[in-house]
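Quick note: the sequence shown uses my numbering, first residue -15, plus one each step.
There may be inaccurate statements among the hints.
As the list claims (entries may be wrong) - Under the rule of at most 20 Å between Cα atoms (straight-line distance), these lysine to aspartate or glutamate pairs were calculated in the EDC-like manner:
#  : residue 1 : residue 2
1  : K70       : E16
2  : K128      : E16
3  : K128      : D196
4  : K58       : D136
5  : K58       : E16
6  : K58       : D34
7  : K128      : D78
8  : K58       : E81
9  : K58       : E77
10 : K58       : D26
11 : K128      : D172
12 : K58       : E39
13 : K58       : D28
14 : K58       : E8
15 : K70       : E21
16 : K58       : E212
17 : K58       : E21
18 : K128      : D138
19 : K70       : D203
Stated by the list, open to error - Listed next, with one range per pair, are the computed distances between beta-carbon atoms:
#  : residue 1 : residue 2 : range
20 : R141      : D222      : 31 to 41 Å
21 : A49       : T(-4)     : 42 to 52 Å
22 : N(-11)    : R141      : 18 to 28 Å
23 : D222      : T200      : 44 to 54 Å
24 : A33       : R191      : 33 to 43 Å
25 : G159      : P65       : 37 to 47 Å
26 : F210      : N139      : 15 to 25 Å
27 : L188      : T(-4)     : 24 to 34 Å
28 : T67       : L188      : 36 to 46 Å
I should point out that these hints are in silico values taken from the structure, not numbers from a laboratory. Just so it is clear, CB atoms sit at the ideal spot from N, CA and C, and this is done for glycine as well.
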Amino acid sequence: MAAANECQQWHTAHPDWLFCDDFESATPMVAEGRYFEHGDSDGDFVPLADIGLHESNGMLARWHAGDVSVGGLKLAFGRNPNTYMKSTIRNDEDFREIFYRMYLKHQPGFASEADWSQAMIAHLWSDDSSHLLVDPASCVSGDKVICQGYNDFDNLRWLGFRPGTTPIFSTEDSGNWRCVEAHVRLNDPGQANGVHEFWIDGHLETRRDGLDFVGTYTDYAINAVFFENYWNGGSPVDQERYFDNIVVSTQAIGCN
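Generate coordinates for the entire structure from the input sequences, incorporating the hints supplied.
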């Protein structure tokens, strides 16, 4: 398990990392080098002391019964045409491959139920059986982006989901910190060789390869990761979950 203060001197210790946040910083959540948007859901998604790894600072996400969305964190990096999402994080580079990792814990007894246009989305979200799954999608035809605005589901081309094996959202798994790491690699122009996979606690949960994410589109590459708290059917009860030690990198990160 990572140290509580993993992000101290991370620029020097991990030159392959693009971003690290262990929520120990007093810097505002929306600031240069941090997120371009923090949806705090009226105080239900906020940094808090003593709830993170090793009783450090972490992010609290609190659902009330019936809540669907309780905020999120939106991070941008690399070149980006959207002025709202402009970032100071290596903003003159294109990243066709990234890894990102977070620690996630659900409170003991957690009750589970069974221009913003985008060229591609590598969804990592839950199924109705308490598992995470990869659900990659493309928004490109040839070398043109065909989606209009954010989450244009009508124009997404779904590439095929595949679930993991660990029931991370189940009541039985609640109360434990889990290390979740995902890897996304765009296809080379005109080839179907993209990859989308993820691990929990270092165990490969599932992998999709041979993906055509972006056709021959090369104007931009991967330039954002969103961490969101969204529950389609709404939470059945008042309950919480916690995030800590978010890292985005150009190389594999691991859990230590």
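Now for the hints, and whether the structure bears them out:
1. Between K70 and E16, the direct Cα distance comes to roughly 10 Å. Compliance with the 20 Å bound is thereby established for this hinted pair.
2. Taken as a hint, the K128 and E16 pair is broken in the structure, with Cα atoms around 31 Å apart against an allowance of 20 Å.
3. Between K128 and D196 the CA atoms are separated by roughly 14 Å; this keeps the pair inside 20 Å, and the hint holds.
4. In summary, the hint linking K58 to D136 is supported, as the alpha carbons are separated by about 18 Å, within the 20 Å threshold.
5. A C-alpha spacing of about 13 Å is found between K58 and E16, which places the hinted pair at or below 20 Å, so the restraint holds.
6. Between K58 and D34 the alpha-carbon distance is near 23 Å, which puts this suggested pair outside the 20 Å criterion.
7. For the proposed pair K128 and D78, the alpha carbon gap of about 18 Å is at most 20 Å, so the pair holds.
8. The straight-line distance between the Cα atoms of K58 and E81 is roughly 18 Å, inside the 20 Å bound, and the hint therefore holds.
9. In summary, the hint linking K58 to E77 is supported, as the alpha carbons are separated by about 19 Å, within the 20 Å threshold.
10. Between K58 and D26 the alpha-carbon distance is near 17 Å, which keeps this suggested pair within the 20 Å criterion.
11. Under the criterion of a C-alpha separation no larger than 20 Å, the hint pairing K128 with D172 is consistent with the structure, at around 15 Å.
12. Between K58 and E39, the direct Cα distance comes to roughly 24 Å. Violation of the 20 Å bound is thereby established for this hinted pair.
13. For the proposed pair K58 and D28, the alpha carbon gap of about 16 Å is at most 20 Å, so the pair holds.
14. Restraint check for K58 and E8: the C-alpha separation of about 18 Å stays at or below 20 Å, so the hint holds.
15. As the CA atoms of K70 and E21 are separated by approximately 11 Å, the hinted pair is consistent with the 20 Å bound.
16. Only pairs whose Cα atoms come within 20 Å are accepted, and K58 paired with E212 is accepted, the gap being roughly 8 Å.
17. Of the supplied pair hints, the one linking K58 and E21 holds, its CA atoms being roughly 5 Å apart against a limit of 20 Å.
18. With a CA separation close to 16 Å, the supplied pair K128 and D138 stays within the 20 Å bound.
19. Annotation: proposed proximity of K70 to D203 holds, straight-line Cα distance about 16 Å (limit 20 Å).
20. The hint said 31 to 41 Å for the Cβ distance between R141 and D222, and at roughly 38 Å that hint holds.
21. A49 and T(-4) have their C-beta atoms about 46 Å apart, which keeps the hinted 42 to 52 Å range intact.
22. Between N(-11) and R141 the Cβ separation comes to about 42 Å, which falls outside the hinted range of 18 to 28 Å.
23. One distance hint, 44 to 54 Å for the beta-carbon pair D222 and T200, holds here, with the actual separation near 49 Å.
24. For A33 paired with R191, a C-beta distance near 37 Å keeps the hint of 33 to 43 Å intact.
25. The hinted range of 37 to 47 Å is satisfied by G159 and P65, whose Cβ atoms lie roughly 43 Å apart.
26. The hinted range of 15 to 25 Å is satisfied by F210 and N139, whose Cβ atoms lie roughly 19 Å apart.
27. Distance hint for L188 and T(-4): a CB-CB separation of about 30 Å, consistent with the stated range 24 to 34 Å.
28. For T67 and L188, the hinted distance range of 36 to 46 Å is satisfied, since their beta carbons lie about 38 Å from each other.
Hints 2, 6, 12, 22, counting from the list given before, are not met by this structure.
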